[in-house]
Amino acid sequence: MIEQFDVSMVNWARAQFAMTAMYHWIFVPLTLGLSFLVAFFETFYVKTGNEQWKRLTKFWMTLFGINFAIGMATGIILEFEFGTNWSNYSWMVGDIFGAPLAVEGIFAFFIEATFFAVMFFGWDRVSKKMHLFSTWMVAIGSNLSALWILVANGWMQYPVGMEFNPDTARFEMHNFWDILFSPVAIGKFTHATSSGFLLGSLFVVAVSSWFLLKGRHLEMAKKSILVASVFGILSSVFVGFTGDEAAYNVAQVQPMKLATFEGLYDGQRNAGLVAMGVMNNYKKPGDSFDPFLFKFEVPGLLSLLANRQSGSFVPGINDLLYGNEQENILGVDKKMERGKIAVEQLGLYKNAKKQGNDQLAKNALGKFNQHKEYLGYGHLKSVEEAAPPAPINFYSFHLMVVLGTLFPIIFLLFLFYTYKDTISEQKWLLNVGVVAVFLGWVAQECGWIVAEVGRQPWAIQGLLPVSVARSNLTPGTVQTTFFMFLILFTVLLIAEIRIMLTQIKIGPEEV
Amino acid sequence: MIGNLDTATLQQLWWILCSVVGSLFLFLTFVQGGQTLLFTTARNDEEKNLMVNSLGRKWELTFTTLVLFGGALFASFPLFYATSFGGAYWVWILILFTFIIQAVSYEYRRKPDNFLGQTTYDIFLLINGSVGILLIGAAVGTFFTGSNFTLNDYNQVMWQHPWRGLEAATSGFNLSLGLFLVFLARVLGAMYLTNNIDYPDLNRRLAKATLINFIIALPFLLYVLISLLVMDGFGVDPATGVVSMVKGKYLQNLLSSPLNPILLLAGLVAVIWGVVSNSFMGKRCGIWSAGMGTVLVGLAIFSLAAFNNTAFYPSVSDLQSSLTIYNASSSHFTLTAMTYVAIAIPFVLAYIFYFWWKMDAQNLTLADLSSADAKEIY
Chain A
612 MIEQFDVSMV
622 NWARAQFAMT
632 AMYHWIFVPL
642 TLGLSFLVAF
652 FETFYVKTGN
662 EQWKRLTKFW
672 MTLFGINFAI
682 GMATGIILEF
692 EFGTNWSNYS
702 WMVGDIFGAP
712 LAVEGIFAFF
722 IEATFFAVMF
732 FGWDRVSKKM
742 HLFSTWMVAI
752 GSNLSALWIL
762 VANGWMQYPV
772 GMEFNPDTAR
782 FEMHNFWDIL
792 FSPVAIGKFT
802 HATSSGFLLG
812 SLFVVAVSSW
822 FLLKGRHLEM
832 AKKSILVASV
842 FGILSSVFVG
852 FTGDEAAYNV
862 AQVQPMKLAT
872 FEGLYDGQRN
882 AGLVAMGVMN
892 NYKKPGDSFD
902 PFLFKFEVPG
912 LLSLLANRQS
922 GSFVPGINDL
932 LYGNEQENIL
942 GVDKKMERGK
952 IAVEQLGLYK
962 NAKKQGNDQL
972 AKNALGKFNQ
982 HKEYLGYGHL
992 KSVEEAAPPA
1002 PINFYSFHLM
1012 VVLGTLFPII
1022 FLLFLFYTYK
1032 DTISEQKWLL
1042 NVGVVAVFLG
1052 WVAQECGWIV
1062 AEVGRQPWAI
1072 QGLLPVSVAR
1082 SNLTPGTVQT
1092 TFFMFLILFT
1102 VLLIAEIRIM
1112 LTQIKIGPEE
1122 V
Chain B
21 MIGNLDTATL
31 QQLWWILCSV
41 VGSLFLFLTF
51 VQGGQTLLFT
61 TARNDEEKNL
71 MVNSLGRKWE
81 LTFTTLVLFG
91 GALFASFPLF
101 YATSFGGAYW
111 VWILILFTFI
121 IQAVSYEYRR
131 KPDNFLGQTT
141 YDIFLLINGS
151 VGILLIGAAV
161 GTFFTGSNFT
171 LNDYNQVMWQ
181 HPWRGLEAAT
191 SGFNLSLGLF
201 LVFLARVLGA
211 MYLTNNIDYP
221 DLNRRLAKAT
231 LINFIIALPF
241 LLYVLISLLV
251 MDGFGVDPAT
261 GVVSMVKGKY
271 LQNLLSSPLN
281 PILLLAGLVA
291 VIWGVVSNSF
301 MGKRCGIWSA
311 GMGTVLVGLA
321 IFSLAAFNNT
331 AFYPSVSDLQ
341 SSLTIYNASS
351 SHFTLTAMTY
361 VAIAIPFVLA
371 YIFYFWWKMD
381 AQNLTLADLS
391 SADAKEIY
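One line per chain: the protein sequences are A and B, in this order. For the first sequence, our numbering assigns the number 612 to the initial residue and increments by one for each residue that follows. For the second sequence, our numbering assigns the number 21 to the initial residue and increments by one for each residue that follows.
Extracted from the complex, chain A is given alone in its bound form (with noise of 0.2 angstroms):
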């Protein structure tokens, strides 16, 4: 189907790709967030008509202008990439992965564009209420364009609402309604936005926590953690039920990636969930190594939690790549032989086609058709490369998931103390105010590692390898415009953390 594998340039392709994303992934989150609370201030000021919510609306605007900004010009790749480094993949899935794209333009980045403009310079020309409104709408829109993408990205990881089609060698969309309300969808959808409005409340408690420490604008720091701590709160809470929804769907569909999360090599009944652990780096699908240097381990809620049943069958890695009878688990060596039939009755067929030969193309597509399920594993070149790498997963899961857990109580403590109005007094809570954003960041990232890294070897689970969906370029081609790219955002993320520091410390006017 594709000449020749260029395992180089592939690899160069996803580094490119996940330097892109997390770049911009550390933009995003915050823009979701802080755009609600801005909303919030706003609604206040025009509430109760006290200037100082105005002024604290603006101050926070002007921080979220900024981050705005880069979060657009990190964006613009990400999606031009898809053609340029991945363009067999655009090709064979386009007719699905298309429009989400199309309709995220329509709705969601002109509401944010239009509404911007308002939002930042309308003050004086439209009336208090419009200029509201127009907020909200650019907090809307913003959360809008990430459903779609992330129906986008859902749809990657759980396929549905399409077919083969073996004229066009393309997947087509049959069901619209399949894909936007995929469980998968759904859940990377709840969970990844509300992720971001936790972040924008920790940006705001750190921001503020600074304030407080250095003795300035005391009054609009107080009044910040008190709207950011309850955002926070209910954020959390949202966050831990989406994540344990998000886990379940990833236990159902995509069950090596679980594996890999929890480092779990040999499926058992009544597994137990890692809580922590080491692993051991030397560990191989396949052998007798042990996985873990050290862990500790809760006995029996992983099956409860992947399978919402105590004592359930939770597959291992290895039971997913060399199949369990016992468990009517078919093994990735008996998927590719499959694939390889699906392949070769592919190229049959529609070399058949091409020669008019009607018979011969009845034959190969009838013989394709039993094994298209299988098409994706046609490509693979041996039984290990179905596996994802286990460590990065299973240390970033458990770290997103531990910080996660951290956070609501960083809130809890912050909105206490508040309450009690000794916030300023708790000189401790307010530096892990400060640092707790940056833990945010990091939770936010291994989010994204644990969603991509552990979808690989595909780039549409079990249907298209990344191998296939890549562009036909040279490795040098993509290491240029990795570098390229590699310096223009880092030199962009030095600029906006300078500019956000200074307006930081220039901080909210007051009277």
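Source of the hints: derived by calculation from the structure; they are not laboratory data. Glycine residues also receive a C-beta, built at the ideal position from the N, C-alpha and C atoms. It is possible that part of the hints are untrue.
To be verified - So the derived list for chain A, only partly shown, Cβ under 7 angstroms to chain B, looks like this:
#1 688
#2 698
#3 706
#4 717
#5 729
#6 732
#7 737
#8 783
#9 961
Said to hold, decoys possible - Dumping the calculated DSBU-like pairs for lysine-lysine here, alpha-carbon to alpha-carbon at most 35 angstroms:
#10 992/A / 951/A
#11 658/A / 68/B
#12 68/B / 740/A
Unchecked claim - Covered stretches of chain B, as calculated for chain A (at least 3 residues, CB under 8 angstroms):
#13 96 to 106
#14 129 to 143
#15 175 to 187
#16 342 to 353
#17 356 to 363
Fit chain B to the given chain A structure using the hints.
Chain B in isolation, oriented as in the chain A frame:
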């Protein structure tokens, strides 16, 4: 009703919709044109800041329209998206690069401690307005001059030129189209700024810039138009799908429907009227006439490229790899689903126009840059 449309109708409809978005983008490049005028028309920081703040209220619309143009092409003609972006790699990467640096420049240029300095961000805006638009013009030019690619049985693209798309900029036609768009953007930018800013000295110079840039754009426009009328084109046999070179193809396309020459001529007249009214009649609303004209000319150009059995993304390496709106499109189901979504487009345009009108009801003045609410200025 939409559910009953056949595939060919949907394919044509989506080419028209993509053309509308692409043509609106051409109009909105007044932002890019205005960015280049910072270096030729503004005489001091005060004027520069006025211009940047006027353009800064619109740059996101242009940026978003470009993103939508890409998204709409991806969704409706994925084989074009895959072939062009994956093949003509460098030309698209450089275009994107110029838009990345634009996206931060408005927000960062005057913020304290911005790391690169105001001049750097202003140069970023210049690069976006000149190199970015030039390359977009060159890329669009390949709709008529062809590109160097082949597709295999699985529609995977193999680019046949080592420059990976940058070779487009070596064609006289593509280069002329690119340069025409650069100077047209400057014409539109000057007219938009005249319309939006109250500053008599600057307004006078902008009116002059409108005329000068229009005069510079004219030879490139004439070269493009005359070339289009006489050049061979990439015709498709509707019965067999075989692509071949056809003498005077684009002239034939122009005359194949009365709408094409009407769009083209009405568009050109509207642009000229906008320039004349701004430059000679002291009016400040030429942007609307010229903007509408640009959209009409854009629609005519996109129509010539794809309708009347024409390959809109032709391959000069292998004619039979050329893309038409019929072999490059999404499936009937996807096009139908997206057509339902497209019903929202008039509502989107309506609220954009409403808020544009609300925000621009009063012109921008120096006082706006020093008012109490001016903290967010660029």
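Hint check, failures only: The structure breaks only hint 11.
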